[in-house]
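Chains as they are written, first to last, in numbering that gives the first Met the number 0: chain A, 0 to 212; chain B, 0 to 281.
No lab work stands behind these hints, which were simulated from the structure alone.
None of the values given here were measured: they were computed from a predicted structure.
Ideal placement from N, C-alpha and C gives every residue a C-beta, glycine not left out.
Check before you lean on any hint, since a few could be wrong.
[To be verified] With beta-carbon atoms standing in for the labels, derived distance ranges:
1. PHE271/B <-> ILE173/A: 34 to 44 Å
2. ALA52/A <-> PHE271/B: 51 to 61 Å
3. THR4/A <-> GLN218/B: 39 to 49 Å
4. LEU22/A <-> PRO64/B: 27 to 37 Å
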Amino acid sequence: MDWSTTIGIWVAAFLTLAIFSFLYKDNPFYKFAEHLMVGVSAGYWVLILFYTAFMPKVVQNLQAGNWWYLIPTLLGLLMWTRLFKGWSWVSRYPLAIYIGVTSGVAITLEMKAKVIEQLYGSIDLVTQMNSANASTALTVNNLIILIGVITALIYFFFSKEHKGATGFLAQIGIATLMIGFGASFGFTVMARISLLIQRLQFLMFDWINLPRG
Amino acid sequence: MNFFEKMFAIDRRWVYLTLFVAVVVSLLLDFSIPVPISKEARNIYNYIEGLNAGDAIHLALDYDPSVSAELDPMTLSVLKQCFTKDIKVIITALHQFGPALAAERIDTAVARHAALTGEKKINGVDFVYLGYKPYPVLIILGMGQNYRIPFPRDYYGVSLDSLPMMANIRNYSDVKAVINISGTSATDWWISYGNGRYGVPLAIGVTGVMATEYYPYLQTDQIFGLLGGLKGAAEYEMLVNTPGPAVEGMKVQIVAHAIIILFIVIGNVGFFAMRRSEKRKA
Numbered sequence: 000m001d002w003s004t005t006i007g008i009w010v011a012a013f014l015t016l017a018i019f020s021f022l023y024k025d026n027p028f029y030k031f032a033e034h035l036m037v038g039v040s041a042g043y044w045v046l047i048l049f050y051t052a053f054m055p056k057v058v059q060n061l062q063a064g065n066w067w068y069l070i071p072t073l074l075g076l077l078m079w080t081r082l083f084k085g086w087s088w089v090s091r092y093p094l095a096i097y098i099g100v101t102s103g104v105a106i107t108l109e110m111k112a113k114v115i116e117q118l119y120g121s122i123d124l125v126t127q128m129n130s131a132n133a134s135t136a137l138t139v140n141n142l143i144i145l146i147g148v149i150t151a152l153i154y155f156f157f158s159k160e161h162k163g164a165t166g167f168l169a170q171i172g173i174a175t176l177m178i179g180f181g182a183s184f185g186f187t188v189m190a191r192i193s194l195l196i197q198r199l200q201f202l203m204f205d206w207i208n209l210p211r212g
Numbered sequence: 000m001n002f003f004e005k006m007f008a009i010d011r012r013w014v015y016l017t018l019f020v021a022v023v024v025s026l027l028l029d030f031s032i033p034v035p036i037s038k039e040a041r042n043i044y045n046y047i048e049g050l051n052a053g054d055a056i057h058l059a060l061d062y063d064p065s066v067s068a069e070l071d072p073m074t075l076s077v078l079k080q081c082f083t084k085d086i087k088v089i090i091t092a093l094h095q096f097g098p099a100l101a102a103e104r105i106d107t108a109v110a111r112h113a114a115l116t117g118e119k120k121i122n123g124v125d126f127v128y129l130g131y132k133p134y135p136v137l138i139i140l141g142m143g144q145n146y147r148i149p150f151p152r153d154y155y156g157v158s159l160d161s162l163p164m165m166a167n168i169r170n171y172s173d174v175k176a177v178i179n180i181s182g183t184s185a186t187d188w189w190i191s192y193g194n195g196r197y198g199v200p201l202a203i204g205v206t207g208v209m210a211t212e213y214y215p216y217l218q219t220d221q222i223f224g225l226l227g228g229l230k231g232a233a234e235y236e237m238l239v240n241t242p243g244p245a246v247e248g249m250k251v252q253i254v255a256h257a258i259i260i261l262f263i264v265i266g267n268v269g270f271f272a273m274r275r276s277e278k279r280k281a
């Protein structure tokens, strides 16, 4: 192993332990590691943006004589007027264009992907149940999903007081949501443990060189 | 103070220590647990297996080092399968902290393939790494028209027109699928803009925290496969017959989960026992 890799492993091990030390209590080592990460991330991002956006989009295009790139460049520069009191209103113009373009691009496609398609999917559950070759398992499964979707939506229907039949259905809706949150919690535990496993694998096998089980 | 009151008053650092010891011991012990393969993981594997040599897919690696524990095994497994099947791969990294990480993982996959088969996969011929450009939504939409709009050059500064692999590839119509491995909301953008706007077949590999959010898209066929967290990664490692850190991690997961469940059970039993005794006192 070359010396640069060895130094890298020791630095990474020190920073890992510094972050873990927060589990005992807040301390200067944790603060150092935390601040270092924030600083390095910010610096890395600035450089990445400079070389992947500013250089190719602005500098190289203007050098190549594509003068119309001055328009977006100017709009980008106007964003910086936010920093100057008295001129900050100017930044609203590029911001308005940005929001307008984003809305135009996003609204229809987001609506299609996240609402319309999901609505079709829910309607399709009924179609599947009505088909001639629908098995009992499929019918029960689709029925559970359908009841879950409808009752969860009823829970968010606030124009009618949650009493009587509405209250009963809203309760089923809450139970459905709780099952969803439970599944999310289970996955979240797995995700967090995964991160711990990776760090401990690094400390035990790459840093201390313990034999693998 | 009875047992449950004592458990309620326990310093949370004991919980951390218990989990820490459990993970360390599990890693040191030599045992394995079965990793059953889910339908949504097998769908991705079967889809790629069904492609012909020379077909191309797009591998979108939209994650940073903070979630590499869960997503690296997916990346390496998918690349292994593609390289073995001689599938061409276009790779992008649309997370600002991801481009260097992705480049390193590609190098690892190339080196492993060379060690296994003796064949060296070549950039520009067998795969193309395009790297990062800001504003992922615009980049995803741009690549749908022509890869050359957002990426006139690849990550290494070579013009796309000079790369042999890109000669017959213009946009998503020329790739068989997009496999998005992501720890960010880029997955939403691939669903809305990649699949929603251009209809490209899409499969995803996401972190455990994100996984439940995307299951509804399986039912509507907006995605054809899903790898969720370390479990999904372990499944894919098994599918490509290369058990690695994800499969090793599953034996630790089962011990850690058992401990967490035990703490939850103790906590809940204690809660109800204490409530009952308070009612009696009242």
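Which hints, by number, does the structure contradict? Structure breaks hints 1 and 4.
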